[in-house]
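Chains A and B are the protein sequences, given in the same order. Counting from 575, one number per residue, gives the positions in the first sequence under this note's numbering. Counting from 575, one number per residue, gives the positions in the second sequence under this note's numbering.
These are calculated hints, taken from the structure and not from any lab test. Incorrect hints may appear among the rest.
Note that identical chains are pooled: a pair holds if it fits in a single copy or bridges any two copies.
[Said to hold, decoys possible] Each computed DSSO-like pair below joins lysine-lysine, with the alpha-carbon atoms no more than 30 Å apart:
#1 Lys598 / Lys693
#2 Lys915 / Lys904
#3 Lys878 / Lys590
#4 Lys616 / Lys590
#5 Lys904 / Lys878
#6 Lys956 / Lys693
#7 Lys598 / Lys746
#8 Lys915 / Lys685
Protein chains: 2
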Amino acid sequence: MFNFDFYNPTHIIFGKDRLESIDKHVPANATVLITYGGGSAKRSGLIDKVKTVLGNRKVYEFGGIEPNPRYETLVKAVEIVRSEKIDFLLAVGGGSVIDGTKFITLASSYKGDSRDLLKYGFTPITSEIVGNVLPIGTVLTLPATGSEMNSGAVISYEHGKFAVMSPLTFPKFSILDPTITFTLPKIQVANGVIDAFVHTTEQYITYPVDVRVQDRIAEGILQTLIEIGETTVAEPENYDARANHVWSATLALNGVVGAGVPQDWAVHMIGHELTALFGIDHGQTLAIVLPALLDVRREQKRAKLLQYAERVWHIESDSEEEKIDLAIQKTREFFESLGVKTRLSQYGVGADKIPVVIEQLKAHGMTALSETQDLTLDISQKILERAL
Amino acid sequence: MFNFDFYNPTHIIFGKDRLESIDKHVPANATVLITYGGGSAKRSGLIDKVKTVLGNRKVYEFGGIEPNPRYETLVKAVEIVRSEKIDFLLAVGGGSVIDGTKFITLASSYKGDSRDLLKYGFTPITSEIVGNVLPIGTVLTLPATGSEMNSGAVISYEHGKFAVMSPLTFPKFSILDPTITFTLPKIQVANGVIDAFVHTTEQYITYPVDVRVQDRIAEGILQTLIEIGETTVAEPENYDARANHVWSATLALNGVVGAGVPQDWAVHMIGHELTALFGIDHGQTLAIVLPALLDVRREQKRAKLLQYAERVWHIESDSEEEKIDLAIQKTREFFESLGVKTRLSQYGVGADKIPVVIEQLKAHGMTALSETQDLTLDISQKILERAL
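Take the sequences, apply the hints, and build the full model.
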């Protein structure tokens, strides 16, 4: 087991009818900015319910944070935070809204050009850099990214997606009411299952370092997602399936699975370029890249791939290759069973576009990816070819 | 899945050579009280190492916190906290030292007779009751209770053991260096494995509420403890085994396993009386009571006992009774494989003493225990008879 730090102070408020808790967790005299996305939270009446709970507090709204939230959008919210002397940011949405709100709180306190904050990558942004930042609370509407219980965000600017990490951005609280997610479009639910699945595999299918509980937590999340995946997509009001989906997605990226283990994240890095270049949904890009990457990287990942085959898929065979082949095949079939296509060509991206992706990976410094930092651009190319 | 709140702000600092982190996490101008137990932390040189890291800070020491820490001992530390204007409590020890230190911080701030704090039981003690309390840090020397990453304590006073719960007592940080635990006596290591095991079963072998990840985390902890149990006892310097032991013990009672599930705790409540009356180690009392309780409560716990048999012990049989019998037998054999006896009579406690235990359970209000609050004194008696 590697040495590790684990710190996660977010207060999770999980279950039915928990919106009232907002009143307890937002200071009574706060001036609140509610942030949200494309408008479904507004149309469904959720924003109104939240405002009712906020009672006499002064409330502003900032809607229109898009999927893959853009810097250009978020800086408009920063202006409101400053001009209206906002004390508390309340994100009502999925990972994009929450990620965007994390950036808003950092940028609101930062004295310089806030594009600077996109340059830190996986280096945490501390209070020495931004000073004190405004607290965030969240009401989760989409189980997928885990952003509701971590300190990371991904922000889009020009043709890139940039990681922004800061311990200052852990939400103070997150309300996880599975019933709030019942009205989601099926494709978003499916993407959410895949996002949680791949967050887990990025921290699990690497190489063994004798971390027994973390491995089993990872396997438990993967098995749960496999069990409830089709149901949570097909039966949106099945509370038990959705509750397991929501909590799995949160646990997949709150630090528990990743404690003391090697981590890959190449699937995400390659996937980000596919979203930025071709507008393919984040979850879909992961469904495209993961099976191809596991196939290309089977030597580096052999021991954990075999463990994945045996423990998650219960595959029995005398042949290691067959076990690995079947595990990859079942992974692909699982994604497809959720209605998500797993081939680049099915999204209209042909072999001719691969050099453009490689170009972008190079431009963003993604030349030594994976848990062993030896996934070069050549290997990324092979993965993309395998994904066609 | 039940509604739940999850909140755990303790910063875990895990691994080899992490003591230096104390310097970062204790304020530079703090006056520190180091609390410890029977003296092994002193004799091993650990206290001196901690003091070296604390550097120029003013440091006081309070040793002699006994296993099952006593109110009468802890109030002496409260006097030092007040007279020396202590700012920070640093517990160097196992669950008893950490539990005791949690009580010290609450009692130091409380204005009235601090015995009042023993009366709250599972009702959290809030800042309305005690005001602001001093922060705690811990250096863990014994993997067992999970106290290093939760907000609970058990304090002994007269002939009782009293639960003290307060969100104010989460340690700010806990240093979990497995190498620090290498010098522990074998029996304490074995007791620690059993304590973690039974913390997990108390939150897992109840009744099903469709919590798939939590169940699998519980099963993962139990399987890990079964796999590394004999090794962590027999090979004290086996880092991998001990690291898995340490982290399993912390995860078993940090709230992750218990999120959204029914909880039992009858094994602990009955066990506490055996410790208070006969001085049997806490871990040993659990090894005595758990197999007997599972046997007596097999109807109430049937579904989860079968799941436990299948998933944790991989028992296959067409007979449900045989599955359950074998799971209980294997549990008992596991405890015995660690060198811990599982029968009351093996500790010199005969049938004649059972009425005394029942008397004490009655005196402490333990008349409706378990996840279904229907474990009466009559049933406790049956369990104790089965444990002879």
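Now for the hints, and whether the structure bears them out:
Proximity of Lys598 and Lys693 under a CA criterion of 30 Å is satisfied inter-copy only: 26 Å between copies versus 36 Å inside one chain copy. In the homo-oligomer, the alpha carbons of Lys915 and Lys904 lie at most 30 Å apart inside one protomer (14 Å), although the nearest pairing across protomers, at 46 Å, exceeds that limit. Within a single copy, Lys878 and Lys590 get their C-alpha atoms only as close as 37 Å, which misses the 30 Å cut-off; across copies the closest is 25 Å, which meets it. In the homo-oligomer, the alpha carbons of Lys616 and Lys590 lie at most 30 Å apart inside one protomer (20 Å), although the nearest pairing across protomers, at 50 Å, exceeds that limit.
In this assembly of identical chains, the alpha carbons of Lys904 and Lys878 lie at most 30 Å apart whether taken from the same copy (16 Å) or from different copies (29 Å). In this assembly of identical chains, Lys956 and Lys693 lie within 30 Å of each other by CA distance solely inside one copy; the values are 28 Å within and 66 Å between copies. In this homomeric assembly, Lys598 and Lys746 come within 30 Å of each other (Cα to Cα) both inside a single copy, at 12 Å, and across copies, at 23 Å. When the C-alpha separation of Lys915 and Lys685 is checked against a cutoff of 30 Å, the pair qualifies neither within a copy, at 44 Å, nor between copies, at 65 Å.
Taken one by one, the earlier hints fail for this structure only at number 8.
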